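*Asks:* Sequence:
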Amino acid sequence: MYYVYILESLRNGKYYVGCTDNIQRRLKEHNSGKNKYTKTGLPWELIYKECYNNLSIARKRERQIKGWKKRKAIEALLLGYRSHRLVA
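For the sequence shown, the numbering used here gives the first residue as 188, with consecutive numbering after it.
The hints are simulated quantities; they were obtained by calculation from the structure and are not laboratory data.
Every value quoted in this text rests on a predicted model; they were computed, and no experiment measured them.
Beta carbons: idealized from backbone N, C-alpha and C, even for Gly.
Treat the hints with care, as some may be off.
[As the list claims (entries may be wrong)] The following label-pair restraints were derived from C-beta to C-beta distances: (1) Lys256 to Asn199: 10 to 20 Å; (2) Asn199 to Asn240: 18 to 28 Å; (3) Arg198 to Asn240: 27 to 37 Å; (4) Ile244 to Gly267: 12 to 22 Å; (5) Lys221 to Asn199: 15 to 25 Å; (6) Ile234 to Met188: 18 to 28 Å; (7) Asn241 to Arg198: 29 to 39 Å; (8) Leu233 to Trp255: 12 to 22 Å; (9) Ala263 to Leu233: 17 to 27 Å; (10) Arg212 to Arg248: 18 to 28 Å; (11) Ile244 to Arg198: 26 to 36 Å; (12) Lys247 to Tyr268: 27 to 37 Å.
[Claimed, not checked] 30 Å max Cα-Cα, derived DSSO-like pairs, lysine-lysine: (13) Lys253 to Lys201; (14) Lys226 to Lys257; (15) Lys256 to Lys221; (16) Lys236 to Lys257; (17) Lys256 to Lys226; (18) Lys247 to Lys257; (19) Lys247 to Lys223; (20) Lys259 to Lys221; (21) Lys259 to Lys236; (22) Lys253 to Lys215; (23) Lys253 to Lys223; (24) Lys201 to Lys247; (25) Lys256 to Lys215; (26) Lys226 to Lys247; (27) Lys226 to Lys236; (28) Lys259 to Lys226; (29) Lys259 to Lys223.
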């Protein structure tokens, strides 16, 4: 299983979009300061994830979300995700 995920910095509110086969391990790596970009926003919290059986499809989705230049686009995705989780 592959995951596309969004982290939010609890320090500065920035988002980070990534793809992994192990979310817990990857979150620990981000919070340990091993990633150049996420090092400045410690700590990070997992706020969104999507599951895929195919790595290629997961990478395409990651690139799609990363291509959204406006923060509002990611926030709209998160709003829909949070609303869905409340109903489910």
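*Asks:* For every hint, state whether the structure bears it out.
*Replies:* Here is how each hint holds up against the structure:
no. : hint                         : result
1   : Lys256 to Asn199: 10 to 20 Å : holds (18 Å)
2   : Asn199 to Asn240: 18 to 28 Å : violated (34 Å)
3   : Arg198 to Asn240: 27 to 37 Å : holds (34 Å)
4   : Ile244 to Gly267: 12 to 22 Å : holds (20 Å)
5   : Lys221 to Asn199: 15 to 25 Å : holds (18 Å)
6   : Ile234 to Met188: 18 to 28 Å : holds (19 Å)
7   : Asn241 to Arg198: 29 to 39 Å : holds (34 Å)
8   : Leu233 to Trp255: 12 to 22 Å : holds (19 Å)
9   : Ala263 to Leu233: 17 to 27 Å : holds (19 Å)
10  : Arg212 to Arg248: 18 to 28 Å : holds (20 Å)
11  : Ile244 to Arg198: 26 to 36 Å : holds (32 Å)
12  : Lys247 to Tyr268: 27 to 37 Å : violated (19 Å)
13  : Lys253 to Lys201             : holds (13 Å)
14  : Lys226 to Lys257             : holds (22 Å)
15  : Lys256 to Lys221             : holds (25 Å)
16  : Lys236 to Lys257             : holds (19 Å)
17  : Lys256 to Lys226             : holds (21 Å)
18  : Lys247 to Lys257             : holds (18 Å)
19  : Lys247 to Lys223             : holds (22 Å)
20  : Lys259 to Lys221             : holds (28 Å)
21  : Lys259 to Lys236             : holds (18 Å)
22  : Lys253 to Lys215             : holds (21 Å)
23  : Lys253 to Lys223             : holds (17 Å)
24  : Lys201 to Lys247             : holds (22 Å)
25  : Lys256 to Lys215             : holds (27 Å)
26  : Lys226 to Lys247             : holds (25 Å)
27  : Lys226 to Lys236             : holds (21 Å)
28  : Lys259 to Lys226             : holds (24 Å)
29  : Lys259 to Lys223             : holds (24 Å)
The structure fails hints 2 and 12 (numbered hints given earlier, in ascending order).
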